[in-house]
Every structure is written in structure tokens, then in C-alpha cells.
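S.K.: Spelled out, the chains give:
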Amino acid sequence: MSVLVNKGTRLLVQGITGREGLFHAAQLWNYGTKIVAGTRPGKGGEWVLEGKVPIFDTVHAAVEATGANCTLIFVPATAAADAMLEASDAGIPLIVCIAEGIPVQDMMQVGRYLGQKGTRLIGPNCPGVLTPGEANVGIIPGHIAIPGDIGIVSRSGTLTYEVLYALKQQGKGTSTCVGIGGDPVNGTSFMDVLGLFEDDAGTEKIVLIGEIGGSDEERAAEFISNRMTKPVVAFIAGQTAPPGKRMGHAGAIIEGGSGLASDKIAALEAAGVSVARHPEEIAALLH
Amino acid sequence: MKLHEYQSKQLFSQCGIPIPRGRVAATAAQAKLIAQELGGRVVVKAQVLVGGRGKAGGIRLAGSPEEAEDAATQILAMEIKGLPVRKVLVDDAAEIHTEIYLGVTNDRAARCPVLIASGEGGVEIEQVAKATPERIITVQIDPLLGLRDYQARMVAAAIELPRDLWRDFISISRGLFDSYQKADATLAEINPLVITRGGRLLALDGKIVLDDNGLFRHPELAEMRDADEEAPAEREARKYGLTYVKLDGSIGCMVNGAGLAMATMDVIKLFGGEPANFLDIGGGAGSEKVAAALQIILKDPDVRAVLFNIFGGITRCDEVARGILAALGEHATRPPMVIRLVGTNEEEGRKLLADANMETASSLVEAAQKVVDLVREGVR
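These protein sequence lines are chains W and Z, in that order. Just so you know, the working numbering puts 90 at position 90 of the first sequence, and the rest follows in order with no gaps. Just so you know, the working numbering puts 297 at position 297 of the second sequence, and the rest follows in order with no gaps.
Everything labelled a hint here was simulated from the structure, so no lab data went into it. A hint or two may mislead.
Taking lysine to aspartate or glutamate pairs in the DMTMM-like style, the calculated list, with each CA pair at most 20 Å apart, reads [said to hold, decoys possible]:
#, chain 1, residue 1, chain 2, residue 2
1, Z, 207, Z, 92
2, W, 245, Z, 226
3, W, 172, W, 198
4, Z, 55, Z, 107
5, Z, 55, Z, 142
6, Z, 207, Z, 230
7, Z, 81, W, 198
8, Z, 182, Z, 142
9, W, 245, Z, 248
10, W, 245, Z, 126
11, Z, 2, Z, 124
12, W, 245, Z, 212
13, W, 117, W, 198
14, Z, 239, Z, 220
15, W, 245, Z, 274
16, Z, 289, W, 20
17, W, 245, Z, 230
18, W, 117, W, 89
19, Z, 269, W, 263
20, Z, 2, W, 255
21, Z, 207, W, 89
22, W, 117, W, 64
23, Z, 81, Z, 234
24, W, 245, Z, 229
25, W, 117, Z, 142
26, Z, 246, W, 263
27, Z, 370, Z, 274
28, W, 245, Z, 220
29, Z, 246, Z, 220
30, Z, 246, Z, 300
31, Z, 130, W, 263
32, Z, 2, Z, 160
33, Z, 370, W, 281
34, Z, 2, Z, 149
35, Z, 182, W, 82
36, Z, 130, W, 198
If you want the footprint, here are the derived chain Z segments under chain W, 3+ residues with CB under 8 Å [unchecked claim]:
#, region
37, 97-106
38, 177-187
39, 213-219
40, 241-252
For every residue, glycine included, the Cβ atom is placed at its ideal position computed from N, Cα and C.
Isolated chain W, as found in the complex:
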């Protein structure tokens, strides 16, 4: 069992002919992910991945022809808002958006529209969603994770790989790994994914990887304390970050004394979460 993506995922890749899009689509295909279509306006009717995947001009046409039920967006940040709206408008229930650098006002509009349509968005500025052995929808290197019963949710990219890799070396596997992205306004929160893991029969323990900025971790702590029965282990990056400086991610900034790592750690510990001092300690805390 798993959350969000699995063997039943029929994936559309928006921007499949671009450098990143094509490279990753090939990786995902080789992993065993069922890619049913790609889009690239102006190239409808052509094929990619050695003639196995058809290209369509619009998402509507791709969905109608292939029954795609999930889309992975590789278009650049300048066009990403439009791509998400198009996918939602075409009725795709799950959007995973990799693009980094989307203006926050675009994301607020997209978020509101998708919410009204009932579309779930993972990202943007995220590594995607991986259910080991079933489907890989994003840019997480598939070989660094093995199937198991640990659910992972993270705001980061490569830090998530670090954790997956450390778990694998200890023989610990993952049910699903969800990268929710490092932007200040994103589609899916920690709380949303924790709820999915709580209800998933294939997930027994959960790892939450947070970072400075915002209050998503604090709200997750409240949710854990009120609603979760499964054990949660956390790590919060940015304990040494100075206030007022944006640490790479648009969302990772300590503003006006809020968003501090120490506050997040305190809130999580108060909710009964074991917080690791460094990423490699997570495996040990999972018993």
C-alpha cells in the first residue's frame, strides 16, 4: 500500500520534449512508471521514448485519448502556473509540479483555483512523489529507496535523498516519499500528507523533514498531537540559519522572529515526535 501514486497511476508529462522533461521521463519509464502521454504545444502527433509515448498539443486531448490520472509538470517557472491551471481544467486529480521560481502571487491564484476544482497539487519546487517498486513521479533517483512501511514527507529535495539513502543502508524501506516543496505557498501541506499516511494501511511510521520559515511544521505538530496514532520522527534543517536571510528556498527565511527551527522542534517534541539531531540519526529513532 501507499499514498498518492501507485501501479494504477497513468502519468502525463507536461513539457516532455524539454531537456529536463525528456531526461527524467526516460528515467521514470525505466523505473516502471506507466507514462501514457506527454504534451508539448505544436508537437501533437509526434512520439517520444522510442515511439512508446504519444505527444499531444493540449492536456485536454491527452486526457481524452489516454485516461491520464496524474500529471508531472516540467515546464519552466514562467509557464508553470498556466500548465497547472490547464491540467486542473482538464480534470486531472493529481498534479506534481517540479518547477522552481514560480512567483508567489501566481501560486496563490493557482492554489485557490485548484482548491475550487478539487485538484490536489504536490509542489511546486519539489522533487515529486515516489512509491518504491510501483511508480516514480518526479526527480528522486529511484534506486536510493526500497519498498517498506515508512512514509516520508519533506519540504526539501536532496536532503530527502540523503534520508532515503541512509534508511536504505539500514535495510529500511519506504511506503511513499512525498516532497511537498520549499516554496512559501505550495499545494499540499505536511498536515495533508500526514493525514494520508495515517489512513494508509501500508504505512506504519512516518518521517517528517522540515526546515525554517513559515509555520507548516507547527501546524503539523498540532495535527500529530490531535489526530495521529502512528509514530513520527522529524528533522528540521536550518538550526544555524541567520534571521532575515533567505536560505535558498523561497520559503526558507526567518522573518520577524518567526519560522525558527528551535520553535518548530519544540512544537514537534511537545506533540510526542522524536526529533533527530542530524539526518543520519533518523533511522535509529525509527526503532
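Fit chain Z to the supplied structure of chain W, relying on the hints for placement.
M.R.: Using the frame of chain W, we list chain Z on its own:
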């Protein structure tokens, strides 16, 4: 990216918000000329991108063009919180009756813009929020609908604004939301918005913070960037698409990915070291970018050792290794280095660096311990 007061107020004015007459000057002579044009009392205001200008003596009243010249001479010689004053704004001095705060910003948790107002203007809104939170009125704005008149009217009533000013207040609120939206701002604020003795609303001070991710839509705003806002190394890094933040420690770090870079700094600190910087080379960095990143680290005189932590995914370890070698070729002496390479093409990367005389590590913890030890040995 922050805009100066005079730039922010120009944008406000373009959106129909009344601002004082005035212009910006780079010399005292220009300031005198502007004061002459305006006639009467003027206020001379330092244009620097930090708060607390008034307390630092960066805002002065002048009763004549000569006094304005004097004030400008003194203010232009100042440094406020480490930033040199390069320009002053010379504005008509307003007769203030009441000071109000009005701002539009992003509410991260609610995922929408908010209009914030308070009858307690003229001081930092964070202070008001702490001392008298009940004096702050906020209204969430639907990002698809924008600010509606009834919302601004609710705010006017809540801050007990005189009814005869409601129409103007609504127009100013809409203008403020327009400027926030048109500029892709994360903050647009008027503080204070004053009621003058003559009973008019006037935006005396303004501040706009832009979303860097929105600048591609606003080349004219991107050009307004004040070079003093960033340290030279940070500016250099941005040119190469790197994210660099200088810190106080002695261990230079190069990492791919912001979360991993923060975690790397944290682990260094956990083992008793102090990071000299945050540096994220991003995803899929080529050797040129890596070389530029290492040059920036090596230019920092505080760096006593360097830690590379690369988890290859899109980023290829061999590209990173080539970049490191290219940068090292230009340095006869260099601080000791520890490298940890994992992921895509790690074998090729390690082979390339075999003769580079670096310590290697297989995990982040091992790498952090080694680099902290190297700094300690160096001190001894």
C-alpha cells in the same frame, strides 16, 4: 528585493495614491534646488534599505532651502546600520493630524494576500502587533477576486476612520493592492498614511518588497536593485545562479540543494564547528558553476577548511569534480578540504579527485567530523 521609499511612493502615485510633492537628490546642491522649487518647509529623508532611519538622525525638517542643503550634507555623509546613504528624498513637510498603518502582504498559512491596517501608524507594525494586537485589523483577500470595496470599508470602520474619508481610504486601499499586484510584491505598505491638519489622506512613507521570482515580468523594477542591499560575494554568486549567504564561521561549505545545505551547516555546528557560509549550487550544476562557487568560498579570508557535500541526482558528481579541479588549478595554496560525493557518477568523480589531496568521507556525519578536526589541527 527591496525598493527605496522614493521608488515605492512613485509606484503608489501611479496607482492613484496621494503622496507629498517631492523628488530625490544625490547631492546637497540638488536637495537645495528641490527645496527651492517646493517652497516652504520640507523634510529631507535618507534613502537606505533599513528601518529606524528617523532614530538614526536620517530624517530632518528644514525651514528653508539653505537648511535643506545643510540637512542633506549631513545625511549624505551618514552610514545607517552599516549602509551608506547615497540619496535623500526631499518632500513637502506635511501637517500631521493622525497616523495610520496600511499594508498588503502575503499570508503564507492562508495562502492569500491580506490587507492589514491599524490606527497606530508611524511605528513598526511588528511592535504594535506585540503590544496591542487588538489594534491590528486584517482582512484576507481572495487572490482570484482581488480586494473588494466592502472589505476596505470594513477596515475603515474598524480603525474608526472619520466617515468623510472612507471614499478616499477605499481608493487608496485599492491603489495599494494594485501596486502590490502589478509589481509582484510580497509587501506593499504605507506607514504612516496620515490625515493632514487639512483633513486629507496622504501617504507619507512607503515600502515595497518585491518577489525575486516575479522579476522576470518587471525588468524595469529589476533595474532598481540597490547594489548595497547585497554583499559583493552574494551579488557575484547570483550572477552564476548560485545562492550564497556569508556567515561568521570558518568552514566553507558547498552543497547541492538548499535543504541539504542547511542540514550540512547544522551538522558542522553539532560537531563543534562554525560554517563560514551557506552555498547551494542548485540542481544539475555544470563544472563552470562549481568552479565559480569554489572561487567565492576561497576568496573569503575567514575560511580555514572547506567541506563539499554532494548528493548527485540531477547533479553529476564528475561535473562537480571537474569544477573543483578547475578552480583549484588557479590557487597555489589552499585550505584543507573534505569531500563527500554520493549518487550519479560518484565513481568517476572520485577518480578525478584521487590526486587532489583531499580527505574523503562516505557520510555527512563523517565529513563534518573530519572538517571540524582539520580546523582544530590548523589552529594548533
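S.K.: Against each hint, give a clear statement of whether it holds in the structure.
M.R.: Okay, the hints, checked on the actual structure:
The hinted pair formed by residue 207(Z) and residue 92(Z) meets the criterion: a straight-line CA distance of about 18 Å does not exceed 20 Å. With a C-alpha separation of about 17 Å, the suggested pairing of residue 245(W) with residue 226(Z) holds against the 20 Å cut-off. With a C-alpha separation of about 19 Å, the suggested pairing of residue 172(W) with residue 198(W) holds against the 20 Å cut-off. Proximity of residue 55(Z) to residue 107(Z) is assessed by CA-CA distance (about 30 Å); at most 20 Å being required, the pair is judged violated.
With a C-alpha separation of about 37 Å, the suggested pairing of residue 55(Z) with residue 142(Z) is violated against the 20 Å cut-off. With a CA separation close to 18 Å, the supplied pair residue 207(Z) and residue 230(Z) stays within the 20 Å bound. Between residue 81(Z) and residue 198(W) the alpha-carbon distance is near 50 Å, which puts this suggested pair outside the 20 Å criterion. Restraint check for residue 182(Z) and residue 142(Z): satisfied, since their Cα atoms lie roughly 16 Å apart, inside the 20 Å limit.
Between the alpha carbons of residue 245(W) and residue 248(Z) the distance comes to roughly 14 Å, so the proposed pair stays at or under 20 Å and holds. At most 20 Å may separate the alpha-carbon atoms for a hinted pair to count; residue 245(W) and residue 126(Z) meet this at roughly 18 Å. Taking the CA atoms of residue 2(Z) and residue 124(Z), the gap is about 17 Å. The hint holds against a cut of 20 Å. A C-alpha spacing of about 13 Å is found between residue 245(W) and residue 212(Z), which places the hinted pair at or below 20 Å, so the restraint holds.
A threshold of 20 Å between alpha carbons decides the hint, and for residue 117(W) with residue 198(W) the separation of about 25 Å lies outside it, so the pair is violated. Our distance criterion of 20 Å between C-alpha atoms is met by residue 239(Z) and residue 220(Z), whose separation comes to about 18 Å. Restraint check for residue 245(W) and residue 274(Z): satisfied, since their Cα atoms lie roughly 17 Å apart, inside the 20 Å limit. Distance restraint check for residue 289(Z) and residue 20(W): the Cα-Cα separation of roughly 18 Å lies within the 20 Å cut-off, and the hinted pair is therefore satisfied.
This hinted pair checks out: residue 245(W) and residue 230(Z) have alpha carbons roughly 11 Å apart, not beyond 20 Å. For a cut-off of 20 Å, the pair hint linking residue 117(W) to residue 89(W) stands: about 8 Å separates their Cα positions. Distance hint between residue 269(Z) and residue 263(W) is fulfilled; the C-alpha atoms sit about 18 Å from each other, no more than 20 Å. As the CA atoms of residue 2(Z) and residue 255(W) are separated by approximately 15 Å, the hinted pair is consistent with the 20 Å bound.
For the hint linking residue 207(Z) to residue 89(W), the alpha-carbon distance of about 37 Å lies beyond 20 Å, and the restraint is violated. About 18 Å separates the Cα atoms of residue 117(W) and residue 64(W), which keeps this hinted pair within 20 Å; it holds. A hinted pair counts as satisfied when its Cα atoms are at most 20 Å apart, and residue 81(Z) with residue 234(Z) qualifies at roughly 19 Å. For the proposed pair residue 245(W) and residue 229(Z), the alpha carbon gap of about 12 Å is at most 20 Å, so the pair holds.
This hinted pair checks out: residue 117(W) and residue 142(Z) have alpha carbons roughly 15 Å apart, not beyond 20 Å. For the proposed pair residue 246(Z) and residue 263(W), the alpha carbon gap of about 24 Å is over 20 Å, so the pair is violated. For the given pair, residue 370(Z) sits about 13 Å from residue 274(Z) by alpha-carbon distance, which is consistent with the 20 Å threshold. With a CA separation close to 24 Å, the supplied pair residue 245(W) and residue 220(Z) exceeds the 20 Å bound.
Between residue 246(Z) and residue 220(Z) the CA atoms are separated by roughly 28 Å; this puts the pair beyond 20 Å, and the hint is violated. The hinted pair formed by residue 246(Z) and residue 300(Z) meets the criterion: a straight-line CA distance of about 9 Å does not exceed 20 Å. Annotation: proposed proximity of residue 130(Z) to residue 263(W) holds, straight-line Cα distance about 18 Å (limit 20 Å). Proposed proximity of residue 2(Z) and residue 160(Z) is contradicted: the alpha carbons are some 31 Å apart, above 20 Å.
Our distance criterion of 20 Å between C-alpha atoms is met by residue 370(Z) and residue 281(W), whose separation comes to about 18 Å. A C-alpha spacing of about 28 Å is found between residue 2(Z) and residue 149(Z), which places the hinted pair above 20 Å, so the restraint is violated. For the hint pairing residue 182(Z) with residue 82(W), the CA-to-CA distance comes to about 18 Å; that is within 20 Å, so the pair holds. Taken as a hint, the residue 130(Z) and residue 198(W) pair is broken in the structure, with Cα atoms around 37 Å apart against an allowance of 20 Å.
Evaluation of the coverage hint for the region 97-106 of chain Z: breached, as 1 residues show C-beta separations to chain W shorter than 8 Å, against a requirement of three. Counting residues of the region 177-187 of chain Z whose C-beta lies closer than 8 Å to any C-beta of chain W gives 3; at least three are required, and the coverage claim holds. Using a Cβ-Cβ cut-off of 8 Å, 4 residues of the region 213-219 of chain Z lie near chain W, which meets the minimum of three, so the contact claim holds. Counting residues of the region 241-252 of chain Z whose beta-carbon sits less than 8 Å from any beta-carbon of chain W gives 3, enough to reach three: the coverage restraint holds.
The structure does not agree with the numbered hints 4, 5, 7, 13, 21, 26, 28, 29, 32, 34, 36, 37 stated previously, though it agrees with the rest.
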